[in-house]
Every structure is written in structure tokens, then in C-alpha cells.
Amino acid sequence: MKLTLRVWRQKNPDAPGAMATYELDGVSQDMSFLEMLDVLNEELIVKGDEPVAFDHDCREGICGACSLVINGDAHGPERTTTCQLHMRSFQDGDTIDIEPWRASAFPVIKDLVVDRSAFDRVIQAGGYITAPTGAAPEAHATPVPKADADFAFEHAECIGCGACVAACPNGAAMLFTSAKVNHLNVLPQGSPERETRVLDMVAQMDAEGFGGCTLTGECATACPKGIPLFSITAMNKEWLRATRKVKR
Amino acid sequence: MALNFWQSTLGKKIVMGATGLIMIGYLCAHLLGNMKIFFGPGEFNAYGHWLRVMGAPVLHHEWGLWIARIVLLAAVVLHAVSAYQLSRRDIKARPQKYVHTKPRMSYATRTMRWGGVILGLFIVWHVLDLTTGTTHSGGFQEGHPYQNVVDTFSTWYGNVIYIVAMLAMGMHVRHGFWSAAQTLGAGNHTRDRALKAIANALAIVLTAGFISIPVGVMTGVVS
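Protein chains in written order, with this note's numbering: chain A, 28 to 275; chain B, 60 to 282.
Some hints here could point you the wrong way.
[Said to hold, decoys possible] Computed footprint of chain B on chain A, listed as stretches where at least three residues anywhere in the stretch have a Cβ under 8 Å from a Cβ of chain B: (1) 54–67; (2) 96–107; (3) 130–136.
It is worth saying that the hints were derived from the structure and are not from the lab.
Just so you know, even glycine gets a beta-carbon here, dropped at the ideal spot from N, CA and C.
Using the sequences plus the hints, can you model the full thing?
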């Protein structure tokens with residue numbers, strides 16, 4: 028496959044940045060998208076150019092490190108992470124636009140790498156449970172209804188990649204925050220902080236400068252883990268409940 | 060507490076959703092009342108008069124009407140202020156646009172902001188036209204709403220403004236009702252089809268119902 032790549036290049040957070048065009052030949056359709064970028068970078072290094080910086084880690088679709096908005100889609104045209112996207116999803120001769128996540132809460136560090144530590148601070152605000160450490164407790168000591176376990180698991184699938192923020196026209200982190208809130212709020216282990224969790228995580232989400240939800244559904248469409256849009260509805264319900272229960 | 064609520068993006072959005080539902084409720088009542096225009100000037104003008112004595116003898120003359128006006132004005136203002144503040148925030152949250160963009164949202168979703176502005180301007184014109192009579196075409200007659208309505212829809216611009224605004228209202232209600240349900244925490248997988256059906260039904264019935272009035276005047280059914 029022969030491809031034309033238009034890639035966002037930006038030296039550092041303060042530099043202006045622009046799209047740069049590269050021709051890449053000899054791409055196999057069995058390559059993953061990131062392997063294709065590896066090939067591009069090898070060519071750039073041989074030519075003495077600066078390689079394109081991009082985030083990646085497990086390359087198994089489970090860590091949430093890879094990003095990239097490909098032809099306007101977060102994680103590209105398939106519903107998966109960029110590392111699990113293969114070049115067979117593209118045609119020979121295609122022009123592919125590759126951009127970083129765009130949000131004021133996710134500043135570009137270099138090229139396609141953005142700073143997603145805003146998500147870490149949202150987690151720190153309440154995405155944990157208070158539990159005594161030590162040996163693992165007996166698994167059946169705390170019964171969890173099947174429906175609740177399924178609900179928690181559906182939301183626990185969130186890998187915190189930030190595709191929801193990248194896809195949202197408002198740069199909102201509602202789907203991420205709601206996945207984390209719902210995952211713990213439905214479980215007995217998470218119930219001691221049920222109210223403070225949702226209030227604190229939403230407050231932190233706002234403080235990070237993410238936008239608000241306009242229910243466009245772009246986030247749930249882009250999510251590689253299929254977190255449903257109703258996750259946001261469930262968090263709204265939890266937040267309303269918490270504002271009634273907690274007086275501060 | 061109230062301040063914390065309003066400062067949160069979720070709180071503002073909940074205010075927007077709740078006030079939107081109040082306005083949808085009002086639109087339904089307004090449409091039902093307006094349908095009396097098809098039963099002649101006597102019935103329509105009597106309905107207009109009843110609005111002034113609504114709630115009597117408990118309420119003084121026009122008190123019921125003014126209570127409704129104050130509630131509606133508060134709803135419009137809260138709805139618009141929360142929408143404005145949230146929109147400002149949303150635009151700031153994506154300072155750099157994508158080079159490669161494609162429109163994916165439905166038309167109703169994409170036009171919520173400008174559609175809302177159009178509706179705000181329409182409400183101002185509508186009140187000046189048929190409540191105060193300030194911008195009314197021809198002689199505005201207090202107490203003769205039937206004739207005033209016929210006069211408004213006898214002008215081409217009256218029809219154009221009204222019909223465009225009603226189409227905008229229908230789209231706004233279509234996305235707005237469903238969104239309000241999600242914002243207030245009432246949506247889920249099993250209820251979604253019903254909520255979307257109600258949103259579509261509200262949008263179609265309200266739009267078609269209101270547009271039937273200028274169409275009635277234009278076709279001579281109402282004259």
C-alpha cells in the first residue's frame with residue numbers, strides 16, 4: 028500500500044504546530060496503525076528528520092495509552108483502539124489525516140502526544156474505595172447482585188484513553204467520569220463514598236476545564252470499549268441524588 | 060448549596076433541562092388553547108378573556124395570567140443564561156479545532172444553539188405582535204385576539220417569521236426533550252425508544268399544530 032499521511036507536527040507545548048505531509052510506500056495491510064507509524068519513523072530517522080512522537084504502550088487494546096484522531100475519528104474508523112486498528116481498514120492510495128486529541132484540558136506535549144493527567148486528577152478526586160489493605164478478602168463475603176455486577180463491569184471497561192473527550196464537540200469528559208463513578212457507585216465496596224465520589228469527581232472534571240454535555244452521543248460512538256451514553260444519564264441521577272443527600 | 064449547584068456544569072444543565080420541560084408543558088397548553096381559533100371568533104375571544112379571569116374567585120383579575128407570565132419569564136431567562144454560560148465553556152474547552160472534520164450529529168442536535176437564539180428572538184416578536192400589539196400590522200385591538208391573529212397572518216412576513224420559528228421549535232424540542240430526560244437521570248436502555256418516540260411526537264404535534272393556524276388563515280378557514 029502507498030499512503031499519503033498528513034500528520035500534526037508540534038515541537039513543544041508552546042510552539043505553533045502544523046500539518047506535515049509524508050508519502051509512505053510499502054505498507055502492508057496486516058500492519059497495525061501504530062506499526063505503520065513505526066515504519067514512517069524509521070524512514071524519518073534514516074533521513075535525519077525528527078520522528079513523529081505518539082503515545083503507545085501495551086498495543087493490545089487494554090492500556091488506554093494510544094490515542095490519535097484519524098480522519099476525524101478518535102482511534103480511527105473502526106470501533107477499537109488505534110493499536111488494534113489495522114491498515115486493511117484503509118485503501119491503497121489513501122490520504123490519512125492524523126491529529127492529536129484536541130481539548131484545552133489535554134494540552135499537546137509534542138506532535139501527537141497530549142497530557143492526559145487531568146484524568147488522573149479526576150480519579151484522585153474520588154475514583155477509589157476506602158478499604159483496609161491486607162490479604163484479599165473472601166470473594167463471597169460481600170454478595171453483589173448479578174445485574175449490579177454486570178453494570179459495574181460494563182463501566183469498569185473504561186481504559187481512560189480520552190477518546191470521549193477527543194470526539195465530543197465540547198471537549199467534555201462526561202463519559203469518562205460517568206464510567207468511573209458508576210463502576211464504583213453501584214457496588215457495595217464503593218457505597219461509603221457514593222455521594223462524595225460523584226460530587227468530587229464532577230467538581231474536579233469542571234475544574235480541569237472540560238466542556239459540558241450536550242448529549243450529541245459522539246463520545247459513546249467513539250469509545251473503543253463501548254461505554255454506553257446512558258452512563259452519563261446514570262451519573263446525572265447519582266449527582267442529583269448526592270446534592271439532595273449531602274449538605275455542604 | 061444553591062450556589063454550588065449552579066456553579067457545576069451538571070447543575071446548570073439540570074436547570075436548563077427542567078426549565079425546558081416547563082416550557083414544553085406551556086407549549087402543549089398554549090397549543091390546546093390556540094386550537095379554539097378553528098371554532099370561530101366567539102369561542103376564541105372568550106378563551107382569551109378566560110385567561111384573564113383564570114383562577115377566580117381565588118385569584119384577583121389577571122393574577123393567574125401574571126403568575127404564568129412570571130414563571131415563564133423565569134424559565135426562559137434561566138434556560139438562556141445556563142445555555143449561554145455552558146456554550147461559552149464548551150467553546151473554550153476545544154480551543155484548537157480539528158483539521159479533518161465531518162458533521163455527524165443530527166441536524167436537530169447541531170442547531171440547538173442558533174435554533175435557541177432564533178426562538179428567543181421569536182418570543183420577543185411574538186409578544187410585541189400579539190400581546191402588546193407594538194409591532195402589530197394594522198390596528199391592534201385589545202380584547203379581540205381573533206382579529207389580531209388573522210391580521211398577523213394576513214402579512215407575508217408574519218407567516219414567514221412564524222413558520223420558520225415553529226420549525227426551529229420542533230427541532231429544538233426533538234433534541235431538547237430527550238436530552239432533558241437524560242440530564243434529569245430518567246433515561247436508560249429500556250426506556251430509550253419510548254423517550255425518543257415521545258420527543259418525536261411532541262416535536263411533530265407542536266410544530267404541525269401551531270403551523271396549522273397561519274395555514275388556516277392563508278387558506279381562509281380562519282378569517
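Going through the hints against the structure:
Remark: the stretch 54–67 of chain A is not confirmed as covered by chain B, as 0 of its residues place a Cβ nearer than 8 Å to a Cβ of that chain, below the required three. With a threshold of 8 Å between beta carbons, the proposed coverage of the stretch 96–107 of chain A by chain B holds, since 3 of its residues qualify and at least three are required. With 3 residues having a beta carbon nearer than 8 Å to a beta carbon of chain B, the stretch 130–136 of chain A meets the requirement of three or more and the stated coverage holds.
Consistency note: the structure conflicts with earlier hint 1 alone.
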